[in-house]
Amino acid sequence: AQSVSQHNHHVILSEAASLELGCNYSYGGTVNLFWYVQYPGQHLQLLLKYFSGDPLVKGIKGFEAEFIKSKFSFNLRKPSVQWSDTAEYFCAVNERASKIIFGSGTRLSIRP
Amino acid sequence: ETGVTQSPTHLIKTRGQQVTLRCSSQSGHNTVSWYQQALGQGPQFIFQYYREEENGRGNFPPRFSGLQFPNYSSELNVNALELDDSALYLCASSLDRGEQETQYFGPGTRLLVL
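Each protein sequence line maps, in turn, to chains A and B.
Numbering follows the working numbering, with no gaps: position 18 of the first sequence is 18.
Numbering follows the working numbering, with no gaps: position 80 of the second sequence is 192.
Hint data in this document are derived by calculation from the structure and do not stem from the laboratory.
A hint or two may mislead.
[Claimed, not checked] Derived DEER-like restraints, expressed as beta-carbon distance ranges:
1) B:LEU195 x A:PRO55: 42 to 48 Å
2) A:HIS7 x B:THR121: 29 to 35 Å
3) A:GLN2 x B:THR214: 18 to 24 Å
The beta-carbon is built from N, C-alpha and C at its ideal position, and this holds for glycine as well.
Taking the hints into account, I'd like the entire structure generated from these sequences.
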């Protein structure tokens, strides 16, 4: 069965530090990849998505992610984090139609 | 804000009871998906409805059922509640049912089963 792994459960960074959150998926065929974010007290919302083409995708709020097919990875990056980036981040994948598989999430805490 | 609303926000039930959770999709969105998010976990796909018919289902037993109505509202029904059903239930609407459609999530209903 398809699965998504997020190895970092909780990441703590200082403001202005660089961020990289890991995501690996198990499916070997064509996939659609997503990063969602849940800010405290807010709805889950889409950060960015990859369907095809340029493997480096840019999302909202300065986030980007790189799809590396050979490594089955879709890591999220941001060069300089802000306190407002404190949130839970979820990687997700679907290979067809309706079913999106989410990872277990990474909680990001930013020290001001 | 995503334009997707859910009710109620919180609910407490006892084991064996039945519960109905409601979702109002964005206007024009003909697809709704439901997810269960246990504490400390990512959302797990329950099922999706497209134009009032089930369009895919995750690994949930038949006591989890749903309905979608023409007015962009939908329901998740859970019968014979178990303690493990305690979770945040999310609905997400999308314009269409394709795998590349962006899903817009509601705030969720937190269900506690005692």
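Would you say the C-beta atoms of GLN2 (chain A) and THR214 (chain B) sit inside 18 to 24 Å of each other?
Given about 20 Å between the Cβ atoms, the range holds.
Assuming the hint says 29 to 35 Å, is it satisfied by the Cβ distance from HIS7 (chain A) to THR121 (chain B) or not?
33 Å, holds
C-beta pair LEU195 (chain B), PRO55 (chain A): status relative to the range 42 to 48 Å that was hinted:
44 Å Cβ-Cβ, so the 42 to 48 Å window holds.
Every hint, counting from the list given before, is met by this structure.
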